[in-house]
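For the protein sequence lines, the chains are A and B, in the order given.
Numbering of the first sequence is given in the working numbering, commencing with residue 46 and proceeding in unit increments.
Numbering of the second sequence is given in the working numbering, commencing with residue 6 and proceeding in unit increments.
There may be inaccurate statements among the hints.
[To be verified] Below are the DSS-like pairs computed for lysine-lysine, each with C-alpha atoms no more than 27 angstroms apart in a straight line:
#1 A:Lys131 to B:Lys29
#2 B:Lys266 to A:Lys211
#3 B:Lys258 to A:Lys205
#4 A:Lys205 to B:Lys120
#5 B:Lys258 to B:Lys11
#6 B:Lys81 to A:Lys205
#7 B:Lys11 to B:Lys266
#8 A:Lys205 to B:Lys29
#9 B:Lys84 to A:Lys131
[Stated by the list, open to error] Derived coverage of chain A by chain B (criterion: at least 3 residues anywhere in the stretch with Cβ under 8 angstroms from a Cβ of chain B; other residues may be distant):
#10 182 to 195
#11 198 to 205
#12 210 to 216
Bear in mind the hints are in silico, worked out from the structure with no lab data behind them.
From the three backbone atoms N, C-alpha and C, an ideal C-beta is built for every residue, glycine too.
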Amino acid sequence: MRFKFKVLIFQFFILFLIILVWELTSANVSIIFLAPPTQVFPLLFNIWYYADILPHISITGFEILVSFGLATSTGLSVGFMLGTWKLLRTTYEPLLAALYAVPSVVWYPLLLLFLGLDVASKIAFAYILSFFPIVLSTIQGVSQVDVVLVKAAYSMGASKLTTFYKVIIPAALPIILSGISTGLALCVTGVIVGEMLGGIRGLGVLIASAATRFETARYFVLTILVIIIAFAVNYCGKIIERLGGRGA
Amino acid sequence: MEVMSKTLIEVRNLTKLYNGGLGKPITALQDVNFSVAKEEFFTIIGPSGCGKSTLLNLIAGLDKPSSGEVLVNGVKINKPNPQLMAIMFQEHALYNWRTVLRNVEFGLEIRGVSKAERRTKALHYIRLVGLQGFEDKYPNQLSGGMKQRAALARALSLETDILLMDEPFGALDEQTRLLLGLELTRIWQETKKTIIFVTHSLSEAAFLSDRILVMSARPGRVKRIYNVDIRRPRDPNSDEVNHIKALIWNEIKDEALSMMKGG
């Protein structure tokens, strides 16, 4: 407990230091480049300021949820299929791994062309980013389950299906969950980057427009909102990983 | 006693070929014949790589023979039969996400035994292997010896007549191995099971068994079967046990050497 408290103190100290440096620097720099915290924070805590921002936040949140949901469901099903079926795995896993290595941004212009500037292209882009870590870790988790665990289950009379959900899934769970957690983080990146590169609605669109108009204070407020969302998502990811519990 | 006891397991002309990967099939086992009597402690020993584990897997029905058959009570085995045989592996094969208690309950759960009944049985066998107090621990909180005890309790909980053990204490240190051997003898006598025990340890074989089957190097064949007529309880360091050890070693020495040279 004492140790945790100390860590918290230090974390606040760093935060305070950053804000201090920020304030001091902005005093000597044009407001076009850097808005001082004294200007940003009042806006950040002003509820009325969000009247026009809130709908965009909910759009961004919606995109994150939908793309993450799609990536998780398809990633898990494809992963389970390839993980248990050796022929499919040997055929397609190298392909998936190679695609994962491609910088996904190269697909984005194509997605904009096909799906338009609105929500759909963002969901598709974030989906591509988060699908791969989920499917690859599921394949890895399922195919690397110790054979003796499976053999033991068969010897005790378990059917293939029972063995799958009583042995293979729980044994693979920690690796699968860490893939899902990575997928979630990449999904947020995908949505924000997608919006910033070209879009109609969403937090990323607002950030991009604030930056191009040199509305520096607004830019910082929005950026801090993204940071808060990222922290929240990261925390969710940690909780997801902890669900794996004692398995190994 | 040996003469009167009745045959429970019969292994007939068992042969197993494997795909060697280089096009040439490898003969793991060739024409293996033997039978095991009811309530016998039967040990299979041989140089590593001689096909001992393959043989046990075939008896268990976890693998299919290329030719020949395994009969239990005259009925051919072609798939695992958890009503008849329980198996214990060298790796504890416990489920890390389940407590000791729930690991021991696993087989009964698969069998569809009611919750209350499987709890009672599991607790009984946990006590029998000396793990009381550790019911709610997870496998990675246990020592190697305790994990094998838990695995033994899980195998016993199925209450089968036959217990197959594939180098169950092979990964343990000598002292733990000796202690568990003693306890296994006690449990075997209490539960009146028929045990087929695979090992590469001469001491274990000589100390535990009623009969010892010595296998030849690849392809695995029955080289010789020894009767161990030493009264129980046995002393692991007695002259009689050491005498048996020496006999088996003489039989096995050249085989082990040929395996080592890659013959």
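Verification of the supplied hints:
Simply put, Lys131 of chain A and Lys29 of chain B have alpha-carbon atoms about 23 angstroms apart, close enough for the 27 angstroms limit, and the pair holds. Between the alpha carbons of Lys266 of chain B and Lys211 of chain A the distance comes to roughly 43 angstroms, so the proposed pair goes past 27 angstroms and is violated. Taking the CA atoms of Lys258 of chain B and Lys205 of chain A, the gap is near 42 angstroms; set against the 27 angstroms cutoff, the hint is violated. Straight-line distance between C-alpha atoms of Lys205 of chain A and Lys120 of chain B comes to about 22 angstroms, which keeps the hinted pair within the 27 angstroms bound.
Distance hint between Lys258 of chain B and Lys11 of chain B is unfulfilled; the C-alpha atoms sit about 33 angstroms from each other, more than 27 angstroms. For a cut-off of 27 angstroms, the pair hint linking Lys81 of chain B to Lys205 of chain A stands: about 22 angstroms separates their Cα positions. Between Lys11 of chain B and Lys266 of chain B the alpha-carbon distance is near 41 angstroms, which puts this suggested pair outside the 27 angstroms criterion. With a CA separation close to 31 angstroms, the supplied pair Lys205 of chain A and Lys29 of chain B exceeds the 27 angstroms bound.
Restraint check for Lys84 of chain B and Lys131 of chain A: the C-alpha separation of about 22 angstroms stays at or below 27 angstroms, so the hint holds. Coverage of the segment 182 to 195 of chain A by chain B holds [criterion: at least 3 residues with CB-CB distance below 8 angstroms; count 3]. Requiring three or more residues with a Cβ within less than 8 angstroms of a Cβ of chain B, the coverage given for the segment 198 to 205 of chain A holds, as 6 such residues are present. Look at the segment 210 to 216 of chain A against chain B: 4 of its residues bring a Cβ nearer than 8 angstroms to a Cβ of that chain, three or more, so the hint holds.
Hint compliance for this structure: hints 2, 3, 5, 7, 8 are not met, and every other hint is.
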